[in-house]
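**Q** Kindly produce the complete structure, drawing on both the sequences and the hints.
Protein chains: 2
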Amino acid sequence: MSTISIATATEVMDLLRDDLLAIEREFTVQSASPVQVITDIAEYLIAGGGKRIRPLLLLLSAKALGATSQSRIRLGAVVEMLHTATLVHDDIIDEADTRRGRPSSNTAWGNSKCVLAGDWLYMQSFRTALEERNFHVLDLLITLTQQMVEGELLQMEKLGHLINEEEYFDLIFRKTAFLFKVSMQLGAAIEGASDQTEEKLGEYGRNLGLAFQIVDDVLDLTAAEDVLGKPVASDLREGKATLAVIHALERGTGADREAIRTVLADRSFAHVSHVQILEILQRHGSIDYAMDTACAYAEAARLSIADLPATDAKRALLWVPGFVTSRDR
Amino acid sequence: MSTISIATATEVMDLLRDDLLAIEREFTVQSASPVQVITDIAEYLIAGGGKRIRPLLLLLSAKALGATSQSRIRLGAVVEMLHTATLVHDDIIDEADTRRGRPSSNTAWGNSKCVLAGDWLYMQSFRTALEERNFHVLDLLITLTQQMVEGELLQMEKLGHLINEEEYFDLIFRKTAFLFKVSMQLGAAIEGASDQTEEKLGEYGRNLGLAFQIVDDVLDLTAAEDVLGKPVASDLREGKATLAVIHALERGTGADREAIRTVLADRSFAHVSHVQILEILQRHGSIDYAMDTACAYAEAARLSIADLPATDAKRALLWVPGFVTSRDR
Chain D
1 MSTISIATAT EVMDLLRDDL LAIEREFTVQ SASPVQVITD IAEYLIAGGG KRIRPLLLLL
61 SAKALGATSQ SRIRLGAVVE MLHTATLVHD DIIDEADTRR GRPSSNTAWG NSKCVLAGDW
121 LYMQSFRTAL EERNFHVLDL LITLTQQMVE GELLQMEKLG HLINEEEYFD LIFRKTAFLF
181 KVSMQLGAAI EGASDQTEEK LGEYGRNLGL AFQIVDDVLD LTAAEDVLGK PVASDLREGK
241 ATLAVIHALE RGTGADREAI RTVLADRSFA HVSHVQILEI LQRHGSIDYA MDTACAYAEA
301 ARLSIADLPA TDAKRALLWV PGFVTSRDR
Chain H
1 MSTISIATAT EVMDLLRDDL LAIEREFTVQ SASPVQVITD IAEYLIAGGG KRIRPLLLLL
61 SAKALGATSQ SRIRLGAVVE MLHTATLVHD DIIDEADTRR GRPSSNTAWG NSKCVLAGDW
121 LYMQSFRTAL EERNFHVLDL LITLTQQMVE GELLQMEKLG HLINEEEYFD LIFRKTAFLF
181 KVSMQLGAAI EGASDQTEEK LGEYGRNLGL AFQIVDDVLD LTAAEDVLGK PVASDLREGK
241 ATLAVIHALE RGTGADREAI RTVLADRSFA HVSHVQILEI LQRHGSIDYA MDTACAYAEA
301 ARLSIADLPA TDAKRALLWV PGFVTSRDR
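In order, the protein sequences belong to chains D and H.
Residue numbers for the first sequence follow full-length UniProt numbering, so the first one is 1 and each next one is one higher.
Residue numbers for the second sequence follow full-length UniProt numbering, so the first one is 1 and each next one is one higher.
No wet-lab data here; the hints were simulated from the structure.
Glycine included, every Cβ here is placed at the ideal spot set by N, Cα and C.
Just so you know, not all the hints are guaranteed correct.
[To be verified] Residues from chain H that face chain D, not an exhaustive set, calculated with beta carbons under 8 Å: (1) Val35; (2) Lys113; (3) Leu116; (4) Asp119; (5) Arg127; (6) Thr145; (7) Gln146; (8) Leu219; (9) Ala265; (10) Asp292.
**A** Shown next, in the form of structure tokens:
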């Protein structure tokens, strides 16, 4: 097996700049509705930025297989639009005040309009995908969307309760890793890849998505508010137990468990402070445990694509997991 | 042109009973999710009944063209599921307490779960439709759904304001008549009908849908609460001006207009009573005007299918408009 070096951030951006710009344009065009308020909400969300990691994965997947099809631009916009639709509805459900350092769309427009704007964005993603005239693409997207919605409902049912690692991994697979997986699969599908190749690229996406969400959950516990763009420890405030917390629950003293239980049930730091929780997590090495787990998934992602031919896109795909696990927001 | 008699309710039910039962079973099967709360909400909505008029139209459209395809059962379930999805989200938006004489789903399960349950029902409709492997069917359904969502948003923007007839017809077309139209078109599409035939059947659906919604809006103003299964004049309480009200606004005295404006702006009968409003509508013949308009659309629906060959299904389609305009709830 040939050895292949890992790309740098600059190289990845050089490789994808034109396509990412084309996707931004496509996303803007696709988000224009004859009903002004939909366009307003969509433009607000586009301008809010985001890492565009899902279109980036789709592009790299397609490029690793030759990138002969222009469909990558359209479907890159689709996966970002779908992601945006889930954010609009999730913010309603979580009663979020802010998103990416700005008022969340539900704060700015109210819940009712955002229910409908989210619906519209879902429909527009499917309409755009439908233009591909490819049933496999539609199957992937519909299955994905249902899994994400079910994941969000499962999460709601578990709010305030202790969950185990298995339940945690099921939740983050549905919430995050499934879309990463499908983004990679779509890149393969439009290049006419074999089932086996599509599966391996999907596996990369799944592993990377799990790593991504574990890191996200750690940052929620440890990052500074001004870096994160939202209140710290918002998961605990919403009654969500994430990997480090589950680790501490399973290893902690009776008092430790009771402190965590209290925060989850209260959905606030009224009786137990954020500093106390961080102390418990530190004492049990729970943050390190979560980060080590994320790094193991990042490595698994790299291994999933070992058999791909050596290309700039493969080098970039080998770079992404490290970027995901070393980010600070 | 041959004369053809109109069917009776019993004849129509005899014609459709088996298919409608098959659609109920299909709807129940399709609404089962691995996430229990989705199945619970879906079963609650199915048990709540409803007129099943959209599947009925799809069946009659298919039967008028031979009904050779079993797709009518699957797509009959799809249009009812899609309708149910819109009801779940609309009830959140309208903050409805009751629906069909029972607590609305948002009252029973809360808004957050109902946002997601509605999303899931939309996705499940598309997933079920996708099994048809027919792009035209998917095009019809996606366009429909976006039109409905846009219609609901347009309606929200106009709440509390005076609208004219043109705006009213645009709203009820999107909200109701588009789904009636597409139900008819789907029946034609699965029978491999010509574009021209599909268009005529669609035209029937559009005309019938407009008649249906105008009558619905009249009943909201005039029916008794125990017959209707929801509070009377809920449209006015939500700030919605419907056809009879628009008619009175355009013909009323300054005092009449002011009374109607006040109710729409207040979204309550705090300053002007329901009886006062009904008196204004009676004095200007506004209820009769709305009912006459509904009957004209009902007649237009019958004319749209004049060229269809004489079949039991055609006789049934000629019966439906009279049923729609003479119902009391």
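**Q** Now look at each hint and say whether the structure bears it out.
**A** Hints, verified against the model:
1. Val35: 5 Å, holds
2. Lys113: For lysine 113(H), the interface hint holds, since the closest Cβ of chain D sits about 6 Å away, which is under 8 Å.
3. Leu116: This interface hint holds because 5 Å falls under the 8 Å limit.
4. Asp119: 5 Å, holds
5. Arg127: 5 Å, holds
6. Thr145: This interface hint holds because 5 Å falls under the 8 Å limit.
7. Gln146: 5 Å, holds
8. Leu219: Given a least distance of 25 Å, the restraint on leucine 219(H) is violated.
9. Ala265: Violated, about 19 Å.
10. Asp292: Cβ of aspartate 292(H) sits 31 Å from chain D, so the hint is violated.
Comparing the model with each numbered hint stated earlier shows that hints 8, 9 and 10 do not hold.
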